[in-house]
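*Asks:* Listed below are the residues making up each chain.
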Amino acid sequence: MSRNPRQTSSFPDAAHDAAAPAPVLSFAGVSMRYGRGQETLRGVSFSLQPGSFHFLTGPSGAGKSTLLKLIYLAARPSRGLITLFGQDLAVLPPRQLPHLRRRIGVVFQEFRLLDHLSAFDNVALPLRIAGKKPKAYRDDVAELLSWVGLGPRLHAMPATLSGGEKQRLAIARAVVSGPDILLADEPTGNVDDEMAQRILRLFVELNRQGTTVLIASHDRDLVARSGMPELRLEQGRLFDPAADSRMTPE
Amino acid sequence: MSAEAAQSFLRRWTPGPLMPRGDVRDASLVFVIAVLCFFACLAALAALAADRAAGGWAAQLQGSATVLVRPTGGESVDAAAARAAEALSGVRGVNEAVALEKDKALALLQPWLGKDALDDDLPAPRLVTLDLDPIAPASAADLGAALKAANIDATVDDHSLWIKDIVRAGAWARAAAVGVFALTALAAAAVIAHAARAVLAARHEIVEVLHVSGAEDRFIAGLLLRRFAAMAFVAGVIAAAGAGVLGAAVRLAGGGEGLTPPLPVAWIDLAALLPCPLLAAGVAALSARFSALGLLRDMSNKDWT
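Chains as they are written, first to last, in the working numbering: chain A, 74 to 323; chain B, 1204 to 1508.
Source of the hints: derived by calculation from the structure; they are not laboratory data. There may be inaccurate statements among the hints.
[Claimed, not checked] Estimated spans, in silico, between C-beta atoms of each pair:
id: 1; chain 1: B; residue 1: 1390; chain 2: A; residue 2: 124; range: 53 to 61 angstroms
id: 2; chain 1: A; residue 1: 124; chain 2: B; residue 2: 1235; range: 51 to 59 angstroms
id: 3; chain 1: B; residue 1: 1408; chain 2: A; residue 2: 283; range: 41 to 49 angstroms
id: 4; chain 1: B; residue 1: 1207; chain 2: A; residue 2: 108; range: 50 to 58 angstroms
id: 5; chain 1: B; residue 1: 1207; chain 2: A; residue 2: 213; range: 16 to 24 angstroms
id: 6; chain 1: B; residue 1: 1421; chain 2: A; residue 2: 183; range: 23 to 31 angstroms
id: 7; chain 1: A; residue 1: 203; chain 2: B; residue 2: 1206; range: 41 to 49 angstroms
id: 8; chain 1: A; residue 1: 183; chain 2: B; residue 2: 1228; range: 24 to 32 angstroms
A virtual CB, placed ideally from N, CA and C, is assigned to each residue, including glycine.
Could you build the full structure based on these sequences and the hints that come with them?
*Replies:* Here it is as structure tokens:
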């Protein structure tokens, strides 16, 4: 695991731990297998502090997407304990899942935009689901689209957008409701270097505003340039469990 | 897009449909539901017509009675029938008593015995037909007592046996029509349930995005509920209009007297078709909601989306 010098300087000691806020997310011995296949994740343990920024790295098939799926509650672990926003997911009633999901923003690797909706409608989706009135969020959505550089494409359908535009649209949808955690799966996988840097700056800006960010990426250069801490998965195991100040593998 | 154009877009913007709008499959489904609703409408019209027919026949029978007169002693059967008619016309609750002439009595036997068997030697019984007061008809006992007092050997038939049969037949006809109506409604519900599950399966990716964005199962089921209710409403309108045109044609072509004497259609019956679109929408809404919730629950049991 690489260390961010800025963050290494605040490596937790006992006093720091006592004062540290409760993690927004913690994994304890989490394993995951699909059907009767091999385990995709094996005994993964770590926790994320509020407002932290991490990259989740590893080669293809290492289990990055699976780990994200477990966090955004699209799958259940085969073994282990996941605590999200202080809630033990193993005993959480199913009816409370939607409320937890609304606190999580997800940027999918393949965007998963709704092709039959305009850019504006795609971004407004989480707010509609949360039951907000259109008048209450109309201007906010337009402002957010402008912020990600899609102000002139409010009414565009996803099929008419470039890869970079789709990526930014997916990011706007993920952050529109002000999530506590932002997850992104290979968000720079389909864009050039310049766009990748712009997207990274976007995530950093969101992190500055208090959002906990976890980005899955195999782009080692991007991770190195960002200087942000890294969670490295290899063959389903969390590599180098040594902790830094904000991420605490256990 | 200029700032002005963006403002214009925002002013005109209304949220788009979260489930994609209809395609060819939707049109096919509307057609199938319309056909089912059409049969349900016809069944409803048939039930009303059967009810009216049974009621009419029973009323006719209740308003009349028949007396079979047999000769006694040296008196001719015609004289006995004339006496019976005279005696019965004085009974309270009888408006008119008419003794059928010999020719008419023989004519009644012709369908059973054939024309050749009807000759003058045949001891054909005589009938007295009674037109009873519809409000307070004379009872069979009153009529029998009057005949006995006049020393006439006769049998009174107040049609009670026939009336029971007709009422029973009418009830069966109504039940059959209601059964057909219920079956078609169930068939429509099954078709919609199947279609709702097919939509969820085909739009699995949309469902997953909605789930991950925090949508509850009932929110997603609500999307399907509104969609299928709207489709069923349209199908119901088409079916009711079709059945209405057919019912009107039947009524214009003769109604109770001409084209469909056994099942007379009245204009007022067509009003029964008016709730059809709402009923179809209601059945579709319930069916879509429960099938969608069932499938979403199954999906959630497998994983969380």
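*Asks:* Compare the structure with each hint and give your call.
*Replies:* Evaluation of the provided hints:
no.	hint	in the structure
1	1390/B with 124/A: 53 to 61 angstroms	58 angstroms, holds
2	124/A with 1235/B: 51 to 59 angstroms	56 angstroms, holds
3	1408/B with 283/A: 41 to 49 angstroms	31 angstroms, violated
4	1207/B with 108/A: 50 to 58 angstroms	55 angstroms, holds
5	1207/B with 213/A: 16 to 24 angstroms	20 angstroms, holds
6	1421/B with 183/A: 23 to 31 angstroms	28 angstroms, holds
7	203/A with 1206/B: 41 to 49 angstroms	28 angstroms, violated
8	183/A with 1228/B: 24 to 32 angstroms	25 angstroms, holds
Consistency with the previously given hints fails for numbers 3 and 7, ordered from lowest to highest.
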